[in-house]
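Number of protein chains: 4
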Amino acid sequence: MSGNSFGDALKITSFGESHGVALGCVLDGVPAEIRISAAEIQLELNRRRPGQSKITSPRDEKDRVEILSGIFDGRTLGTPIALLIRNSDARSADYSKIKNIFRPGHADFAWEKKFGLRDFRGGGRSSGRETVARVAAGAVARKILDSRKIKITAFAKEIAGIVGEKFDPKNISKNLVRAADSAAAKKMESAIIAAKNSGDSVGGVIEIRIQKCPAGLGAPVFDKISARLGAALFSIGGVKAVEFGAGFGAAKLRGSEMNLRGGGIAGGITDGSEIVVRLAVRPTASISLPQKAVDSRGKIRKIQISGRHDPCLVPRIIPVAEAMVALVLADFLLASRLDRI
Amino acid sequence: MSGNSFGDALKITSFGESHGVALGCVLDGVPAEIRISAAEIQLELNRRRPGQSKITSPRDEKDRVEILSGIFDGRTLGTPIALLIRNSDARSADYSKIKNIFRPGHADFAWEKKFGLRDFRGGGRSSGRETVARVAAGAVARKILDSRKIKITAFAKEIAGIVGEKFDPKNISKNLVRAADSAAAKKMESAIIAAKNSGDSVGGVIEIRIQKCPAGLGAPVFDKISARLGAALFSIGGVKAVEFGAGFGAAKLRGSEMNLRGGGIAGGITDGSEIVVRLAVRPTASISLPQKAVDSRGKIRKIQISGRHDPCLVPRIIPVAEAMVALVLADFLLASRLDRI
Amino acid sequence: MSGNSFGDALKITSFGESHGVALGCVLDGVPAEIRISAAEIQLELNRRRPGQSKITSPRDEKDRVEILSGIFDGRTLGTPIALLIRNSDARSADYSKIKNIFRPGHADFAWEKKFGLRDFRGGGRSSGRETVARVAAGAVARKILDSRKIKITAFAKEIAGIVGEKFDPKNISKNLVRAADSAAAKKMESAIIAAKNSGDSVGGVIEIRIQKCPAGLGAPVFDKISARLGAALFSIGGVKAVEFGAGFGAAKLRGSEMNLRGGGIAGGITDGSEIVVRLAVRPTASISLPQKAVDSRGKIRKIQISGRHDPCLVPRIIPVAEAMVALVLADFLLASRLDRI
Amino acid sequence: MSGNSFGDALKITSFGESHGVALGCVLDGVPAEIRISAAEIQLELNRRRPGQSKITSPRDEKDRVEILSGIFDGRTLGTPIALLIRNSDARSADYSKIKNIFRPGHADFAWEKKFGLRDFRGGGRSSGRETVARVAAGAVARKILDSRKIKITAFAKEIAGIVGEKFDPKNISKNLVRAADSAAAKKMESAIIAAKNSGDSVGGVIEIRIQKCPAGLGAPVFDKISARLGAALFSIGGVKAVEFGAGFGAAKLRGSEMNLRGGGIAGGITDGSEIVVRLAVRPTASISLPQKAVDSRGKIRKIQISGRHDPCLVPRIIPVAEAMVALVLADFLLASRLDRI
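The listed protein sequences derive, respectively, from chains U, E, V and X.
Residue numbers for the first sequence follow the working numbering, so the first one is -11 and each next one is one higher.
Residue numbers for the second sequence follow the working numbering, so the first one is -11 and each next one is one higher.
Residue numbers for the third sequence follow the working numbering, so the first one is -11 and each next one is one higher.
Residue numbers for the fourth sequence follow the working numbering, so the first one is -11 and each next one is one higher.
Please keep in mind that the hints were generated in silico from the structure rather than gathered at the bench.
Since the model is a prediction, treat every value here as computed from it, not as a measurement.
Errors might be hidden in some of the hints.
No copy labels: a pair is met if it fits in one copy or bridges any two.
[What the hints assert, rightly or not] 27 Å max Cα-Cα, derived DSS-like pairs, lysine-lysine:
id, residue 1, residue 2
1, Lys240, Lys154
2, Lys240, Lys162
3, Lys42, Lys240
4, Lys85, Lys280
5, Lys240, Lys158
6, Lys200, Lys280
7, Lys175, Lys200
8, Lys287, Lys200
9, Lys175, Lys240
10, Lys240, Lys280
11, Lys240, Lys290
Only chain U is shown next, with the shape it has when bound in the complex (with noise of 0.2 Å):
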């Protein structure tokens, strides 16, 4: 279990590390004949990047991305699609005072104690910075989707404790945060700031809704889409929780109301209705305000950590889930088609 692959039919290696040469990712499974171009891709990639407004990171990262295989004239070959993004603006010189000490809430100590070394340069693989090959794939991946008018639409649902009640899916490109709920997001994007003004960080819930997906997705028993979506969503770094339709809330409901509920889902399988996720978002690890830490003598030392960070990662995440989701939705469509003789 080497952690790098994901996906079945339809699988993604992925490479990188946030302060090395490149990040990128091989697709592959990819059928041939579908007609994609790189500026599909950035499109993405650019609602992903890091200095795209005043409450993300402001690390310039350009995030181009390079078609280095798998696509010729314009349409897929059916052959492995390799992409690449060079890291431009890594300032490495940031992290070297705290090359010896375990950032709190990161994966510092539990990587060293994995691998026994690390690339210490903001985290290395570590970093959320890997989630651009992941959104570079799931573009990819949406136009496997195109072919049968799947949707998926993710947004801030709650940041710092703000939730947004409404849902108009035409608001979340309008504000900062991402939400479907233009008053709430002006308040959540005002939290970000206070957030970031106090050198602390917050955190949110996204809601995923899926439309016209058809019945028969997810593999029984254990690949059921629940299964493949859970790991999907909890393999982006700080998100803590996934429910799907009625959640942790269903633990309060009797069998004869929750049945009357549809979801989506039953037995593992899609059953053609909507399909709603919810996933918690941690708040960043990396605060600018001062913190005890632990250093690789095992003493407690005080740190401050500069670098540059996003005071609330819902934004930038929110694109990466709805990757994460195409790649999951777009491997089960294709491998739907074994089902039967």
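Following the hints, position chains E, V and X against chain U.
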């Protein structure tokens, strides 16, 4: 993605329909030289089997396990371990009258959409009965964990809205609902019986505590330990939500608060401290109250499900959840041997 | 790499020891709605079973298959098909006296080095008896190939140096050695009996012809059809060489000559014309002549193997080779549904 | 089965078209803490690159490798190692005139049947150029083998019917054909030049010797070391036959003779003694002699292939074969850590 295998270094492949000849699994990747007996596996199966108390399904399955291969002279051979559990109390006649009706809250419709046909007897492979194979395999996985003293404890945290606040693991085996709080246990039991008597069912929340898990387990980026545990738990029928540590509560915390909590997992890798996971279990879909259902010709019909069902799935899912966690941890424990040269 | 699974879209997971309780397999990925009966599987098993003629091992195994799951009402369900064959004529006592001796030409030593222990009764899982599971699964795979009229014909091309030059497929089932040349068949049979009478064994070459295979099967670059067929055939115990078309003869040809031949495979993908594969089978390692062997303490000792063995493996490997080819082709046939959008 | 990944504990995923932007691979599963430099990888690539001598293709590719990830400060991180080789001397114009013709002996027709379209420039991904990624990955795999002193030596055993009888490994790097017999090497070289001058090509046999391989590698029953090596070698374009030890000769031996030979593999597991593998390489399909070919409309046409090709593939396949063997052995060496509790 055939969906009937789970795991990498340690892989379970399961088979069987609820009212077919038998259920079972092949567990591959078990190292040689582990001492194990059929009795140890039977012990776990007895915790899951139906007919064990007044709050479980009265279907009288002894669930006797037969070891078909992989163990010789009391020790594992390093070859695949095949485990067989025959169905003995399958009353298929109960189901013939609902052969052409899709039961509400069940996989019937989605399954038929996927495969074009289904074993309608007791839901076939969509039945929770398939989990018997998981529990058998989990008992073997636990033997791998024993070599490192890793401990998995699952219990009913909440049933029908009644929350157990106390955690005394000694209580768990002393009450029918498997709660760790004996006062809450009594109320939970009453609530289940009340629901059953009214022809309805209730849901709940299971909490799992993983102790003495070594640091360094988990495979970034896609096979984070949370991603694999998430998949494992969402693969159990009826699970609608999974959260780790602060879970959905993390969405409301600040980074400065969240960083003070541990949680046992950082960057998807264990850090050596306790891991807490909670899962929400929906109320049983099979209830005896009259319901409306769609039939294979698209007509709405009234049905009343007879069969023999659990009014609450929580108590019986507990050993299943433990088994799945054991399979995931044993897989990672073995895989961790490959982390360094 | 646990080694007991083979295939991708169609995957067999096999289990069982030669003198254990049973052998069998789980075949996952079989599409729903295929008509199949136990009798069809049994037919193939009968071709492989011991005790079928004077030139095969006298071990009297009926090899009755029991379908445990995945088939309901005569049709596949799309769920895993588990097949069970119990051992009935296992004479373990034959082996207790060579418990601590590594038989020459056998896996005993290598196996013990790997796992630290072994089931010494009849070689445990290193016995050719494990192939019973492959033949059972292959019978199911053939049903997938039938939908496209793909035909696999294997026969004894050479035994004990006697080469069959003629190819008349009707002959194959009419002689004990399964040669396609009836004159050569008689000589091959005599050579086998002579070897047996002298306490020795002989080897041979199997040729497989694959007809009506559609163009486009095979997955470049690593899963070329030759690579998968090569793996499938080399995974059969006793196979020491595999060649396609011109095979080793190709080394002596010029490009201008070679380009005129077809061969059925180009760039690892089928081109629609006939595919010819040949495999060399070593003489049976178990012979009754006295031999020198090493024991577990490193001492050279004289042994004489009793047990019940085949003086030539070729006739019984023929159905096994066909089964493996069927599994590979069915896997690719299913996978080819994913080639284009 | 997407076909672009190979290996289990150690997995290469390769990408790239012959005349596209670049070729490369992601190697996942490399343990942390291995010292390695780009220069070590380059050394192997230089052995494979075109333009290295008068008997290889004059295409002038420097094949400079760029390490994109997974190595930091001269040591592996335990994260995926991405390796990139850009195409620089791709003359696509050579191919535009044969865009609609299926070259004899090539994958053109089969590829188009499979995917419905193809990158006709130099065969796209069906070109032998894809093996550059394998050689780069193999160089990393060798570092894993170095920890156990395992040695892989491949050489030209036969070219154009000329067989090298002597085995002196020191000779291999001293002649252009990479024979271990220097007298035969001269004749082989002359034969290749003669074929080239006549617009034709020749084939040959490569022998590989694996020394100091520990006992216990290989995973019965399907992933026997012979099965995995067989797959690895048959996955190289142009390989038509593979044999181990006595190979096809084994078909003519008696059991009493065969049991006296070792062969390094028993029951699919290494026994610690030397392993000898031979593979037959067909004569290059691309020749400059005029040939008949089928075009996309089914018409027979005369073609003359220009492009730049190797008159014999043997010398350049040698490092590729070594790389594939290294990948297989390193995979098994890592996997063997899981054999016992």
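Q: State the violated hints by number, sorted upward, taking the hints as numbered earlier in the document.
A: Structure breaks hint 7 only.
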